[in-house]
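Based on these hints, arrange chain B on the given structure of chain A.
Protein chains: 2
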Amino acid sequence: MNAYDELMEFARTTQALAQVAGRLGWDQETMMPRAAAPQRAEEMAAMEAVLHARRTDPQVGAWLEAAETTGPVQVANLRLIRRDFERARKVPARLAAEIARVTSMAQGVWARAREEDDFAAFAPTLKEVVALKREEGAALAEGADVYDAMLQDYEPGATAAGLEEMFARMRPRLVALREAVLDKPAPTALTGTFDEGAQMRLARQVAKTFGYDMARGRVDKAVHPFSSGSGLDVRITTRTNPVDPFNSLYSTIHEVGHGAYEQNIHADHLLTPVGQGVSMGVHESQSRIYENQLGRSEAFAVWLYGQMREAFGDLSVPDAQALYAAINRVGSGYIRTEADEVHYNLHILLRFDLERDLIARRLEVGDLEAAWNERFATDFGVAVDRASNGVLQDVHWSIGLFGYFPTYTLGNVYAGCLYEALRRDVPDLEGALSQGDLSPATDWLRDKVQTHGGLFQPRETIARACGEEPSEEPLLRYLEEKFGGLYGV
Amino acid sequence: MNAYDELMEFARTTQALAQVAGRLGWDQETMMPRAAAPQRAEEMAAMEAVLHARRTDPQVGAWLEAAETTGPVQVANLRLIRRDFERARKVPARLAAEIARVTSMAQGVWARAREEDDFAAFAPTLKEVVALKREEGAALAEGADVYDAMLQDYEPGATAAGLEEMFARMRPRLVALREAVLDKPAPTALTGTFDEGAQMRLARQVAKTFGYDMARGRVDKAVHPFSSGSGLDVRITTRTNPVDPFNSLYSTIHEVGHGAYEQNIHADHLLTPVGQGVSMGVHESQSRIYENQLGRSEAFAVWLYGQMREAFGDLSVPDAQALYAAINRVGSGYIRTEADEVHYNLHILLRFDLERDLIARRLEVGDLEAAWNERFATDFGVAVDRASNGVLQDVHWSIGLFGYFPTYTLGNVYAGCLYEALRRDVPDLEGALSQGDLSPATDWLRDKVQTHGGLFQPRETIARACGEEPSEEPLLRYLEEKFGGLYGV
Numbered sequence: 001m002n003a004y005d006e007l008m009e010f011a012r013t014t015q016a017l018a019q020v021a022g023r024l025g026w027d028q029e030t031m032m033p034r035a036a037a038p039q040r041a042e043e044m045a046a047m048e049a050v051l052h053a054r055r056t057d058p059q060v061g062a063w064l065e066a067a068e069t070t071g072p073v074q075v076a077n078l079r080l081i082r083r084d085f086e087r088a089r090k091v092p093a094r095l096a097a098e099i100a101r102v103t104s105m106a107q108g109v110w111a112r113a114r115e116e117d118d119f120a121a122f123a124p125t126l127k128e129v130v131a132l133k134r135e136e137g138a139a140l141a142e143g144a145d146v147y148d149a150m151l152q153d154y155e156p157g158a159t160a161a162g163l164e165e166m167f168a169r170m171r172p173r174l175v176a177l178r179e180a181v182l183d184k185p186a187p188t189a190l191t192g193t194f195d196e197g198a199q200m201r202l203a204r205q206v207a208k209t210f211g212y213d214m215a216r217g218r219v220d221k222a223v224h225p226f227s228s229g230s231g232l233d234v235r236i237t238t239r240t241n242p243v244d245p246f247n248s249l250y251s252t253i254h255e256v257g258h259g260a261y262e263q264n265i266h267a268d269h270l271l272t273p274v275g276q277g278v279s280m281g282v283h284e285s286q287s288r289i290y291e292n293q294l295g296r297s298e299a300f301a302v303w304l305y306g307q308m309r310e311a312f313g314d315l316s317v318p319d320a321q322a323l324y325a326a327i328n329r330v331g332s333g334y335i336r337t338e339a340d341e342v343h344y345n346l347h348i349l350l351r352f353d354l355e356r357d358l359i360a361r362r363l364e365v366g367d368l369e370a371a372w373n374e375r376f377a378t379d380f381g382v383a384v385d386r387a388s389n390g391v392l393q394d395v396h397w398s399i400g401l402f403g404y405f406p407t408y409t410l411g412n413v414y415a416g417c418l419y420e421a422l423r424r425d426v427p428d429l430e431g432a433l434s435q436g437d438l439s440p441a442t443d444w445l446r447d448k449v450q451t452h453g454g455l456f457q458p459r460e461t462i463a464r465a466c467g468e469e470p471s472e473e474p475l476l477r478y479l480e481e482k483f484g485g486l487y488g489v
Numbered sequence: 490m491n492a493y494d495e496l497m498e499f500a501r502t503t504q505a506l507a508q509v510a511g512r513l514g515w516d517q518e519t520m521m522p523r524a525a526a527p528q529r530a531e532e533m534a535a536m537e538a539v540l541h542a543r544r545t546d547p548q549v550g551a552w553l554e555a556a557e558t559t560g561p562v563q564v565a566n567l568r569l570i571r572r573d574f575e576r577a578r579k580v581p582a583r584l585a586a587e588i589a590r591v592t593s594m595a596q597g598v599w600a601r602a603r604e605e606d607d608f609a610a611f612a613p614t615l616k617e618v619v620a621l622k623r624e625e626g627a628a629l630a631e632g633a634d635v636y637d638a639m640l641q642d643y644e645p646g647a648t649a650a651g652l653e654e655m656f657a658r659m660r661p662r663l664v665a666l667r668e669a670v671l672d673k674p675a676p677t678a679l680t681g682t683f684d685e686g687a688q689m690r691l692a693r694q695v696a697k698t699f700g701y702d703m704a705r706g707r708v709d710k711a712v713h714p715f716s717s718g719s720g721l722d723v724r725i726t727t728r729t730n731p732v733d734p735f736n737s738l739y740s741t742i743h744e745v746g747h748g749a750y751e752q753n754i755h756a757d758h759l760l761t762p763v764g765q766g767v768s769m770g771v772h773e774s775q776s777r778i779y780e781n782q783l784g785r786s787e788a789f790a791v792w793l794y795g796q797m798r799e800a801f802g803d804l805s806v807p808d809a810q811a812l813y814a815a816i817n818r819v820g821s822g823y824i825r826t827e828a829d830e831v832h833y834n835l836h837i838l839l840r841f842d843l844e845r846d847l848i849a850r851r852l853e854v855g856d857l858e859a860a861w862n863e864r865f866a867t868d869f870g871v872a873v874d875r876a877s878n879g880v881l882q883d884v885h886w887s888i889g890l891f892g893y894f895p896t897y898t899l900g901n902v903y904a905g906c907l908y909e910a911l912r913r914d915v916p917d918l919e920g921a922l923s924q925g926d927l928s929p930a931t932d933w934l935r936d937k938v939q940t941h942g943g944l945f946q947p948r949e950t951i952a953r954a955c956g957e958e959p960s961e962e963p964l965l966r967y968l969e970e971k972f973g974g975l976y977g978v
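First to last, the sequence lines map onto chains A and B.
For the first sequence, the tail end lands on 489 under my numbering, and the numbers increase by one without skipping.
For the second sequence, the tail end lands on 978 under my numbering, and the numbers increase by one without skipping.
No lab work stands behind these hints, which were simulated from the structure alone.
Where a beta carbon is used, it is the ideal one built from N, C-alpha and C, also for glycine.
Hints may contain errors.
Partial selection, computed: residues in chain B whose CB lies under 8 Å from chain A [said to hold, decoys possible]:
#1 527
#2 679
#3 707
#4 757
#5 760
#6 966
Chain A with its partners taken away, still in its complex shape (with noise of 0.2 Å):
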């Protein structure tokens, strides 16, 4: 065998360990006893730390070094393998030691902290956190900008002044489009008690039809909706809540199009690099894509009535035209993962500024709560009325990602571009959509986007698809258009 062959069987078994080790998480979340935690904690452990030892391996550096390459997918998965060889390599033992100990120790204390509302609770630990990421950060940066060494782990080749830019031409297009649209009367709201199994029916049933393969996953219910695992073995979680069917509804179709994006990866690329989808932002544009500009369409909502009248009986709106209404309702809520489609990123540009501050050591974690209200009340016009609501809301910062959240919005604007040309390319996708046939939107989406996996850098993988590069132009459209039209403003 030459040096390449050798490096991916090497590679291969690192990946299938991986995704053991993501099962592991599944079944956390979904099957497991209640009092096995701490056995858990040491099978994650000893897990993490043969995988650990993997990718520091010396010899994946000889192997680097002597592989040869003929071709674009040898190209990719070399690319992939050297970035995470040179990241582990980068951050020292004793760092990466302290870091899985400290956000491991720090999630409960946030959760506590939160349970209580009481963000000084929370604060010593965070700036231990700020600390070590900080430190991290200058580590892989090496003399460079560490928020953008810090972003290369979530979206590669992303850089912390382009999204700033597009981020600012974004925020005053959205704060306008708030104020317009609540100035407006809101539409009726669904009301009612759901059948949860009527709910999980339900769920299962639009799974599939967005092209979500059961014969490779599964369905589960989990407190938080995830989705789990690359190739093969791909499974999902929603959860049920009896007075808002659109929770376990959207959940699912959200958690499908990442699941989707994982099952429709070329065969060929089964347990390699290039297998698995190329970075968070176009991970969440495929997620995004199915939830709102597929899932919360006007043209689906005509067949999703019909599904939802045979669910769960007589529905408290009229007709299909009221539910798509009461989908996209817009309110000026605290939360993020509640948000509408127009307040979304609101919450995203916040978080990005925030972080951005607090790793740059613009921004001390004794003054975040206060700037964190601040600009609340700047961009929602609503004042946040506990701590819970506002900086203890999301897990993230306690867990040490810093450098994630932006790419969520990075996945709405990649979705936004996404839907621009699936439109142009797909002649009547509003009559497929009516009659609950989603193939042509995710036939297109498998073939323009996921079959690629890691092929491509991840914005490359977007502008391909598209014809043409990202802009934040086509979200901003899409949002001004359809809420426009709902709202008439």
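Relative to chain A, chain B alone:
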């Protein structure tokens, strides 16, 4: 850290990884999407490679040489680690890999041959397996008895000669008992159909009644019932049959015996070598005493009758005494896993003699089917009608399990001894059982057997619990009394 502590830290991580591999096995039989099998095979192979590398790591040998011990727990841990290390060292890597390859292929060949009742289609593959296992056995035996060496994988300390003598004493009494019982009319069977949801509810309730801790376990359905895992995460499976509620009930109780054993090992031993059931024979003693001596007892039938009426409505048998008789109906079937207590050990004795002859080259695979059928006719008084009811019924030999079968009867023998000691130590055992209070029995088993895990050798574990050396006498007395009483012989 001293050598012992370093070795134990290493062993603990290995044990945690082994738990992960075991949980993958559970997932495969209960939750895995059906099309995920090829990926799962790679994941399992990756885990096995990691575990094999750790078990044969030369550092383990160095630690074993340097480690000093100060008490019985440390002595036992070193003994168990040394056994695994030396076993792994004795078998050449090439041979281990070849056995893994051939047996994984052979299982499929066996399954197809069984389906088509065609032993000749399986024979060439079984020949390969037997040849490889003979070679492995010779490597393990280093000049001593090959079958004895194989036994050590499942029942450390057992010898073929010892088992042969014991089985020779059992066989005539078992044959005589089955002949006497089959001369009498059989009691009325339980008939009807039994809601499978109600069967699962009853299974979970009975599992708890027998002391299975649901906070550290769970009960799911699987094609073949099994128990999986140690410590804080021990899962069992069962199955349901709409016309046979005993199938679900006694599969559950049997697996609860295995699962409770693992759950009840002292918490200090978590994820250490001592922290697992000590042998297959002792494991089976727990599953058998739960299932048979306790679960199929006259006293327990009193409580069970009420539970089953509550679960299923009116039964076809009029009272607890009739239920007890129905549970313990004796019939001469072909299949080991469906055998009653009188016939079960005759099935094992047959397999023990044949597999010993195979390994010792006194019998070749080409003559195996004829040898099986001849012996079956002698001991069971019935001619085997087809291979799937005879030599092809069990998976064991196809996957290379030689030396495993006798542990089933050894488990029954141990259960007989334990039951005699239990009745001596617990005055009103029957009174408690008739009220569905299993705790006097399960507490005794926990404190006398289960809590020790691998602290003592298997036979010593039983001897300490019983206060005397184990023998077949108590089991035979129990069977003769129970079935003599039931059938009036």
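Hints, verified against the model:
1. 527: 6 Å, holds
2. 679: 32 Å, violated
3. 707: Holds. Min distance 6 Å.
4. 757: The hint is violated - residue 757(B) has no Cβ within 8 Å of chain A, the shortest such distance being about 14 Å.
5. 760: For residue 760(B), the interface hint holds, since the closest Cβ of chain A sits about 6 Å away, which is under 8 Å.
6. 966: 39 Å, violated
Checked against the numbered hints above, the structure breaks hints 2, 4, 6 and satisfies the rest.
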